[in-house]
Each structure stands twice: as structure tokens, then as C-alpha cells.
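Heads up: take any position in the sequence shown, counting from 1, add 2, and you land on my numbering.
Honestly, the hints are just simulated from the structure, not real lab data.
Beta carbons are placed, not taken as given, at the ideal position from N, Cα and C, and that holds for glycine.
Be aware that one or more of the hints could be misleading.
For each label pair, taking beta carbons as the anchor points, the in silico distance ranges come out as [said to hold, decoys possible]:
no. : residue 1 : residue 2 : range
1   : V64       : A34       : 19 to 27 Å
2   : P33       : A60       : 19 to 27 Å
3   : A63       : F36       : 13 to 21 Å
4   : A34       : K62       : 23 to 31 Å
5   : L30       : V64       : 15 to 23 Å
6   : T32       : G65       : 38 to 46 Å
7   : S9        : P31       : 33 to 41 Å
8   : L30       : G65       : 34 to 42 Å
9   : A34       : L10       : 19 to 27 Å
10  : K62       : P33       : 38 to 46 Å
11  : L30       : P51       : 34 to 42 Å
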Amino acid sequence: MLGMAQSLLAKSLGRVGDPTHAIPPCPLPTPAAFAAHTRLLSWFRPGAPFGVHRMALAGKAVG
């Protein structure tokens, strides 16, 4: 369930950054698009603001 939440959040953040490319094609068309995609994914690694472990701990704290 947290994985689905992360996926939806990533898609939403991606749309905010570039509404015309909600799901980036593979391979990414330009170095700038690749850099933006990599930056977005870095927000979801363990220990990052939207990482699954941090999200689980936040959910546990809320109840």
C-alpha cells in the first residue's frame, strides 16, 4: 500500500514539474529530462523525505 502511495505521489510531482510528460518515455529524450527524472526518484530512496521507511514511521506516529 505504501508503494502505491509512493507511485501516485511520484506521478503527481512529475505532473507538477512537467504536465506534458506525466510518465516519461524510456529512454528519456534529453539530458535535462533525465536529470529531472533522477532528481524526482531521489526523493523516494530510503531516508529521503518520501522514502517508504519514513512514510511508514509517519503513519505509525499518526496512529
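A quick look at each hint next to the structure:
{"no.": "1", "hint": "V64 to A34: 19 to 27 Å", "verdict": "violated (37 Å)"}
{"no.": "2", "hint": "P33 to A60: 19 to 27 Å", "verdict": "violated (34 Å)"}
{"no.": "3", "hint": "A63 to F36: 13 to 21 Å", "verdict": "violated (35 Å)"}
{"no.": "4", "hint": "A34 to K62: 23 to 31 Å", "verdict": "violated (38 Å)"}
{"no.": "5", "hint": "L30 to V64: 15 to 23 Å", "verdict": "violated (36 Å)"}
{"no.": "6", "hint": "T32 to G65: 38 to 46 Å", "verdict": "holds (44 Å)"}
{"no.": "7", "hint": "S9 to P31: 33 to 41 Å", "verdict": "violated (22 Å)"}
{"no.": "8", "hint": "L30 to G65: 34 to 42 Å", "verdict": "holds (40 Å)"}
{"no.": "9", "hint": "A34 to L10: 19 to 27 Å", "verdict": "holds (25 Å)"}
{"no.": "10", "hint": "K62 to P33: 38 to 46 Å", "verdict": "holds (40 Å)"}
{"no.": "11", "hint": "L30 to P51: 34 to 42 Å", "verdict": "violated (23 Å)"}
Consistency note: the structure conflicts with the earlier hints numbered 1, 2, 3, 4, 5, 7 and 11.
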